[in-house]
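> Each chain, letter by letter, is given below.
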Amino acid sequence: MSVRGVARYAGLTPFALYVLIFLAIPTTLAVATGFFTDEGEFTWANIAGLAAPNILMAFWSSFWVSAVTAVIGAVAGALVCYALLGTRAESTLRTIVDSIASVLAQFGGVMLAFVFIAAIGFQGLITLWIKNQLGIDIYADGAWLYQVQGLLLPYIYFQVPLMVITFMPALQGLKSQWAEANATLGGTRFTYWTRIAFPVLAPSFFGSLLLLFANAFSSYATAAALISQGAQIVPLQIRAALVSETVLGRENMAGALALGMVVVMVIVMWGYSVLQARTSRWQR
Amino acid sequence: MSAASKLGTEPSRVTRWLILGVVGLAFAIPMIALVEFTFRQGLQGEHTLDHWTGLFSEDAARTYRGLFTAIGNSLLLAVVTVGIVLVVLMPTMVLVQLQFPRLRRVLEFICIIPITVPAIVLVVGLAPVYSIVVKLFGGSIWTLAFAYGITVLPYAYRAIQSSLDAVDLVTLSEAARSLGANWLVVLWRVLLPNLRRGILAAAFISVAVVLGEFTIASLLNRVNLQTALLQVSQSDPYVAAIFAFLALLFVFILLLLIGWLGRSRRDRSTS
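If you read the sequences in order, they're chains D and A.
Under my numbering, read the first sequence as residues 1 to 284, first letter to last.
Under my numbering, read the second sequence as residues 1 to 271, first letter to last.
Simulated from the structure, these hints should not be mistaken for lab results.
Ideal Cβ placement from N, Cα and C applies to all residues, glycine included.
Check each hint, because a few of them may be wrong.
Taking CB as the label site, the calculated pair distances span [unchecked claim]:
{"hint": "1", "chain 1": "A", "residue 1": "139", "chain 2": "D", "residue 2": "281", "range": "36 to 44 angstroms"}
{"hint": "2", "chain 1": "D", "residue 1": "134", "chain 2": "A", "residue 2": "75", "range": "39 to 47 angstroms"}
{"hint": "3", "chain 1": "D", "residue 1": "129", "chain 2": "A", "residue 2": "103", "range": "51 to 59 angstroms"}
{"hint": "4", "chain 1": "D", "residue 1": "123", "chain 2": "A", "residue 2": "75", "range": "44 to 52 angstroms"}
{"hint": "5", "chain 1": "D", "residue 1": "47", "chain 2": "A", "residue 2": "13", "range": "54 to 62 angstroms"}
{"hint": "6", "chain 1": "A", "residue 1": "35", "chain 2": "D", "residue 2": "52", "range": "24 to 32 angstroms"}
{"hint": "7", "chain 1": "D", "residue 1": "199", "chain 2": "A", "residue 2": "139", "range": "54 to 62 angstroms"}
Based on the sequences and whatever the hints tell you, model everything.
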């Protein structure tokens, strides 16, 4: 390669170095440490440790919380997208809905935990209203807000907005000509949705569903703020492993857990990109 | 009834407002509860302005010193992160667009990796990296921005790329070059003005991400707005709620500005 050719590529080095040091190396370290002991010897012990009952339980909890909130979020979010069909993307309504959705979906974290403590905590507005007006104590069966079940409502609160953001472009991609063709050929509103719109939207809908699942699965802040004791889901297991590094035999458990999470994330995101590629066929 | 509504492709007005109303109410109630909480007086159900006025009292600076320091930290981190986006990411994207069109897919792939490798995973590997960073740069808070630059990659990339796609960068820069401008002039006087909106959107969204970040700061034992809020919430939940609400409001306004920026561009192109 000529000197000039090399010089051309020199412009890419700052970014390449930055990504290498702060993305590639940390990611490699995160998933590789699980294979080593604290002394740096190769071991399967941490990976085998993933089969411990409490860790399997954490993966299962993460899985069902993510699945339930992804399905509810996807259905409710798709309904909101449908309601927004026919409004112009530049309209004030859309700008406001997009901004709210973006705040709640991507930047809530710890603050969403506060929102739900204020709403349905022990002294929450809704808790007190239900107690005073209906005479029902929603905490009669225990402090469920601070356990795995308690994550459901706050997670739905950020899943629905994420669905609105990711699914709206697909819904907007439906062409009016298709509806006209359907009407010309004697189709009804029902045949339009079942024969045309749903098949076209299906890959995008299920792709968004997977993205929502990945989003909940990898979410840490809201759970950490609500659940201060214990490690009921995988991200909290990682916290426990990182914080209690002195506990014997668990030094590199965080690495094994991170590997487990990455495996799930890669599978889910791969599915997402496959479905996304199918979607883009209709968006040309 | 519009034609689209008759064909069944769009909801009727009633359906639209029914759905938006129900979902909107379900989302408004918890937020109203947060605001109501900031006016609570004890557990008796009475209300007071004390929690708000307390922030402006004489000893507030002392009482909430930790929180104010944390806000300062988060703002500093936001500035340094935006700097990384502007100095490291943006020029690379322009360069790839102009000189290495075949690397575009590679760059896109790299920039969306942080979605698949979430912060909670990244932080496991960042801990050893930061033990070296601390040796090189010291333990000051701003170094955390190196990690945040990675966290904001997918958002910043998308914002800048949409702006790159909207202008014909190659033609513009070739025109400028043939008129005798050197690369610096091309970048500064031709490309940047055309990319202004994308860059601004990327900066705003990076600020929003950094202000909301908790995972990395918390597990690397650094103090930022979110870790301080969680800390304060244990002793003074009212003040934590006030600042959580204000932070959410601030980010909402930032995003509204991004939306408004995009809107004015589209308006101009259609007129």
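> Please go over all the hints and tell whether each is borne out by the structure.
Here's how the hints hold up against the structure:
Separation of residue 139 of chain A from residue 281 of chain D is about 51 angstroms and departs from the stated range, judged on CB atoms against 36 to 44 angstroms. Checked against the given bound of 39 to 47 angstroms, the beta carbons of residue 134 of chain D and residue 75 of chain A, roughly 45 angstroms apart, stay inside it. For the hinted restraint 51 to 59 angstroms between residue 129 of chain D and residue 103 of chain A, the CB-CB distance of approximately 57 angstroms keeps it satisfied. In this structure the supplied range 44 to 52 angstroms is violated for residue 123 of chain D paired with residue 75 of chain A, their Cβ-Cβ distance being about 32 angstroms.
Checking the proposed 54 to 62 angstroms range against residue 47 of chain D and residue 13 of chain A shows it holds: the Cβ atoms sit about 57 angstroms from each other. Range check, residue 35 of chain A to residue 52 of chain D: Cβ separation about 44 angstroms, and the 24 to 32 angstroms hint is violated. Separated by about 56 angstroms at the C-beta atoms, residue 199 of chain D and residue 139 of chain A satisfy the suggested range of 54 to 62 angstroms.
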